[in-house]
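The listed protein sequences derive, respectively, from chains R and W.
Per our numbering, residue 25 is the first one in the first sequence, and the count goes up by one each step.
Per our numbering, residue 526 is the first one in the second sequence, and the count goes up by one each step.
Some clues are possibly wrong.
Here are the computed lysine-lysine pairs in the DSSO-like style, where the Cα-Cα straight-line distance is at most 30 angstroms [to be verified]:
1. R:K213 / W:K746
2. W:K752 / R:K513
3. W:K580 / W:K642
Some chain W residues near chain R, calculated using beta-carbon distances under 8 angstroms [unchecked claim]:
4. T660
5. L664
6. E748
7. R751
8. I774
By construction, these hints were calculated from the structure, which means they are not laboratory data.
In this text, a Cβ means the ideal position worked out from N, Cα and C, and glycines have one as well.
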Amino acid sequence: MVGCENCGRCGSTPKQIKNFRQVVALAGNSNVGKSAVFNQLTGMDQIIGNWPGKTVERAEGLLQYKGLRIKIIDLPGIYSFSTYSMEEIVSRDFIALENPDIVVNVIDASALERNMFFTLQLIELGVPMVIALNQVDLMEKKGLSVNAKKLEEILGVPVVTTVAVKGKGIRELTEKIIDKIEDKKLPNKIKYGQEIEQRIDKLISVLGNVNTGGYPARWTAIKLIEKDAEITKLVEKADPNIPILAGSLADEIEKIHGEQSSIVITGERYHVADMIAHQVIKDVMPGVKKRTLTETLDSIALHPVLGYLTAFMVIAGLLAWTFTIGTQISGFIQNFLTMIEQYEPVISGPVESIIWNGAFTGFIAGVTLIIPYVLPFYLILAFIEDSGYLTRISFMLDSGMHKLGLHGKAVIPLVLGYGCSVPAVYSCRIMETPKQKTLLAYLVTLIPCTARTVVILGLVAAFVNIWWALALYAFDILLIVVAGRIAFKVIPGEYVGLVMEMADYHVPSLKVIFKQTWARTKSLILIVFPAYIVGSAAVQALYALGVLTPINNALMPITVGWLGLPAVAGILLIFGIVRKEMTILTLAIIFHTTNFSSIMTPVQLIVLALVSTIYIPCLASILTLASEFGWRKATTVTIMEIGTAILLGGIIFRLLSLFM
Amino acid sequence: MYISLGNPNITIVNRCPRTNGNCEYMPSEKMEEYLKTIYDIACKDSVARTTAVAKCLNLSPASVTEAMQKMAEKGLVIYEPYKGATLTKEGLEIATKIKRKHRLLEVFLTNILHLDKKMAHSEACKMEHDISGETENALCRMLNAPARCPHGSPISPCTMAVSTCDECDVDTGILEHKAREANIVSITDLEPCEMGAIAFLRGDQKVVQRLSDLGLTLHTKVELLRKAPLNGPIEVCVRRTNLAIAREIADNIFVSIEG
Numbered sequence: 025m026v027g028c029e030n031c032g033r034c035g036s037t038p039k040q041i042k043n044f045r046q047v048v049a050l051a052g053n054s055n056v057g058k059s060a061v062f063n064q065l066t067g068m069d070q071i072i073g074n075w076p077g078k079t080v081e082r083a084e085g086l087l088q089y090k091g092l093r094i095k096i097i098d099l100p101g102i103y104s105f106s107t108y109s110m111e112e113i114v115s116r117d118f119i120a121l122e123n124p125d126i127v128v129n130v131i132d133a134s135a136l137e138r139n140m141f142f143t144l145q146l147i148e149l150g151v152p153m154v155i156a157l158n159q160v161d162l163m164e165k166k167g168l169s170v171n172a173k174k175l176e177e178i179l180g181v182p183v184v185t186t187v188a189v190k191g192k193g194i195r196e197l198t199e200k201i202i203d204k205i206e207d208k209k210l211p212n213k214i215k216y217g218q219e220i221e222q223r224i225d226k227l228i229s230v231l232g233n234v235n236t237g238g239y240p241a242r243w244t245a246i247k248l249i250e251k252d253a254e255i256t257k258l259v260e261k262a263d264p265n266i267p268i269l270a271g272s273l274a275d276e277i278e279k280i281h282g283e284q285s286s287i288v289i290t291g292e293r294y295h296v297a298d299m300i301a302h303q304v305i306k307d308v309m310p311g312v313k314k315r316t317l318t319e320t321l322d323s324i325a326l327h328p329v330l331g332y333l334t335a336f337m338v339i340a341g342l343l344a345w346t347f348t349i350g351t352q353i354s355g356f357i358q359n360f361l362t363m364i365e366q367y368e369p370v371i372s373g374p375v376e377s378i379i380w381n382g383a384f385t386g387f388i389a390g391v392t393l394i395i396p397y398v399l400p401f402y403l404i405l406a407f408i409e410d411s412g413y414l415t416r417i418s419f420m421l422d423s424g425m426h427k428l429g430l431h432g433k434a435v436i437p438l439v440l441g442y443g444c445s446v447p448a449v450y451s452c453r454i455m456e457t458p459k460q461k462t463l464l465a466y467l468v469t470l471i472p473c474t475a476r477t478v479v480i481l482g483l484v485a486a487f488v489n490i491w492w493a494l495a496l497y498a499f500d501i502l503l504i505v506v507a508g509r510i511a512f513k514v515i516p517g518e519y520v521g522l523v524m525e526m527a528d529y530h531v532p533s534l535k536v537i538f539k540q541t542w543a544r545t546k547s548l549i550l551i552v553f554p555a556y557i558v559g560s561a562a563v564q565a566l567y568a569l570g571v572l573t574p575i576n577n578a579l580m581p582i583t584v585g586w587l588g589l590p591a592v593a594g595i596l597l598i599f600g601i602v603r604k605e606m607t608i609l610t611l612a613i614i615f616h617t618t619n620f621s622s623i624m625t626p627v628q629l630i631v632l633a634l635v636s637t638i639y640i641p642c643l644a645s646i647l648t649l650a651s652e653f654g655w656r657k658a659t660t661v662t663i664m665e666i667g668t669a670i671l672l673g674g675i676i677f678r679l680l681s682l683f684m
Numbered sequence: 526m527y528i529s530l531g532n533p534n535i536t537i538v539n540r541c542p543r544t545n546g547n548c549e550y551m552p553s554e555k556m557e558e559y560l561k562t563i564y565d566i567a568c569k570d571s572v573a574r575t576t577a578v579a580k581c582l583n584l585s586p587a588s589v590t591e592a593m594q595k596m597a598e599k600g601l602v603i604y605e606p607y608k609g610a611t612l613t614k615e616g617l618e619i620a621t622k623i624k625r626k627h628r629l630l631e632v633f634l635t636n637i638l639h640l641d642k643k644m645a646h647s648e649a650c651k652m653e654h655d656i657s658g659e660t661e662n663a664l665c666r667m668l669n670a671p672a673r674c675p676h677g678s679p680i681s682p683c684t685m686a687v688s689t690c691d692e693c694d695v696d697t698g699i700l701e702h703k704a705r706e707a708n709i710v711s712i713t714d715l716e717p718c719e720m721g722a723i724a725f726l727r728g729d730q731k732v733v734q735r736l737s738d739l740g741l742t743l744h745t746k747v748e749l750l751r752k753a754p755l756n757g758p759i760e761v762c763v764r765r766t767n768l769a770i771a772r773e774i775a776d777n778i779f780v781s782i783e784g
């Protein structure tokens, strides 16, 4: 997930941290609590959630302690420094090449072996480290205890036990970080099997004076033996003989073990990790295996029948809230506000009053959207995210996602898309290959986000009936399935199946949920409110001045001729590019009424809702697509969606006109 | 196998290895067809009844009974009159091998030669008896070790003592490889709560590396927790963490079951 600094909605760039002296990087596996540690150290609101891959971009924050100013960098969670994904390359380059003063390795104590595997790779990189042994509370619940002192001795790295979400151990961690920045002592060298160590030494000796682009010698040697393509290329430039030597050494290892060299080294690291874990972990309650909360919940959430039912109910419940309760709250607020001031739009009279009236209309539209729809949606979403349930939906729906050329993890961006396309497009990074990322981002922009839901509700549910609104929803999902199948065939690239960690559930903390909801809503309020108020005032003024008519006339062949909408639709759809709800807002301003059934037939309302749902990703989404995938792809998606919307809108108009 | 040149119609027959050719000849192709059919039926029901086999092969029950008795003599099946036949370990090996050849050929015929699935099936039925182990493994290499046939049935792994497909190549020579010792099964064949130790990771090097990075290294113990319905992913527990793995990837993870 992304924090507000990545959302792009407010258009402001992340705050630059200035005047810092030291840089500390947080690294570790996915979903071990790095973001929680980051928030505790910096006092920031980096979004945390219980699914692997939510930190997609490195976040930066400032730790101030005893007069020191330290820049903290939260790297995306990774399992290894191989080159399986972009995140792995980015993280390893950052640590090796940008030389942070120290690295804080955040470890999930309850899965020590797998975390140790990554720790060993950090040690290979030869950076000063501090280990935060996080989630020790969960570990104790599993009946295990860990000897931090012993771990410290073995690795030669200070180890602090923490429970980051509760802030436990953070002060101690801060002190250890400061100490480490001062002494910069490197970790112990962890040795692998003799046949491998000999060959590493041989390579280190020839690497002596070679420029390895900033990577330390031991690490470079290991990567050469693993036949890492990037490092091999790098060293080849400096001295073409070394990769040849490394290749023959790797072949020798492959002969001894009968396995590929990179797999041999992975096996070695795990072997060492197992031994370390064996020495420091004690089973406090051997033989007693309590059925954990996760097991109990999973027996329902992953049940062949109940699992689907639960997934359906959770997603439907999330949307039902938007549909039903949101409408009621919205109506209530609207009534309340109209008691304070009449906001029937005016288009004649003094300019100030036109503008003031427009601004007030915008304000009401903002209040009646954000509070009733967006806020509750994000609250429930944060709850679901934080509980760890999203990975379960991914598990259950994996085979369904295959039909779209995606896999289970794609469910997460799609669900986020019901909130807002922007963070959902960013979260597409959890997919492994460029093909899957592009495909998923395209589908995400077709998901009815809260803004589009408001359009469907405001036009169709309110003035036709709720069933037609639901039908539009269903139609949109059908469209996504069809578009997905076509796009899967068209977009080139490879497909990778699901491999995902299933983290334990935990009871979502209210503090986290509120912080998360606030972080997401904040940017919305900062940009949407002004946009509504200014936009609404502008539309009203422009309309009063008669500027809008030529635009409408120009678009008439499409809007009136093909789609069967009133001429005013042209300007609605143009304002809708900025924000989808602007279509409704503009409509209300121009016709001086919010009773849309008096100005359009049911068929027109349905067609208008359908077209504004799919005709274009909103401006913020287009910008996000461009920044993630480049302008070419963003433009392609935009043009395709305009085409689809016009085509489908016209067909639906003709079909519905037959019987409505 | 030997070729009798005395006969103008060249026939390939299988000499029974145990009795040194003293028992009656039974064409290997016919025997393999029987074993394959018994294997298929026994997969669904525990015992392959004579009538069921006869129906499948379009033969009379009497000739099936006779053939089964012969195969029982050779130690390929355990035959109980009125009940039916089950495969012995040897019989199972032959059946698995022939199934593997059949499905690899099907993949080849559909993906490379673009025959339709039905055609591919009938062609594969004829070719499967004639290709050698070398051809079988060369096909597997060329097709990048497919996990399933075009009809969706799993393709069993080869019997060479390799731990990843990367080790299988023409240069090193197939004959150099010893046969695998333990009996290995795909992790998707385990039942929930069953344990196994990783023995062989088949397929693409990137995926193999990914699985290893996540702790699925050779000889590591894994427990199957559950399988999602509709051919969905499986959930396994390895090194104290739970992982969801897509079925098509999991098909390529082979484990040896502990005794």
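- [ ] For the pair we were handed, W:K580 and W:K642, check the Cα-Cα distance against 30 angstroms.
- [x] Distance of about 23 angstroms is within 30 angstroms: holds.
Hint W:T660 vs chain R: min CB-CB distance below 8 angstroms?
This hint is violated: W:T660 lies away from chain R, its Cβ roughly 24 angstroms from the closest one there, beyond 8 angstroms.
Discussion item. Quick check on W:E748 please, does its C-beta sit within 8 angstroms of some C-beta on chain R?
Written reply: Violated, about 12 angstroms.
Restraint status (C-alpha distance of R:K213 to W:K746 at most 30 angstroms)
Holds, at roughly 28 angstroms.
- Message: Check the hint pairing W:K752 with R:K513 against an upper bound of 30 angstroms on the C-alpha distance.
- Response: 28 angstroms, holds
Does the CB of W:I774 sit less than 8 angstroms away from some CB of chain R? Interface hint status for W:I774: holds (5 angstroms vs cutoff 8 angstroms).
Inset, instruction - Hold the hint about W:L664 up to the distance rule: shortest CB distance to chain R must be less than 8 angstroms. - result: 22 angstroms, violated
Report task. Under 8 angstroms, Cβ to Cβ, is where W:R751 needs to be relative to chain R, so tell me if that hint holds or is violated. Result -> 6 angstroms, holds
Hint compliance for this structure: hints 4, 5, 6 are not met, and every other hint is.
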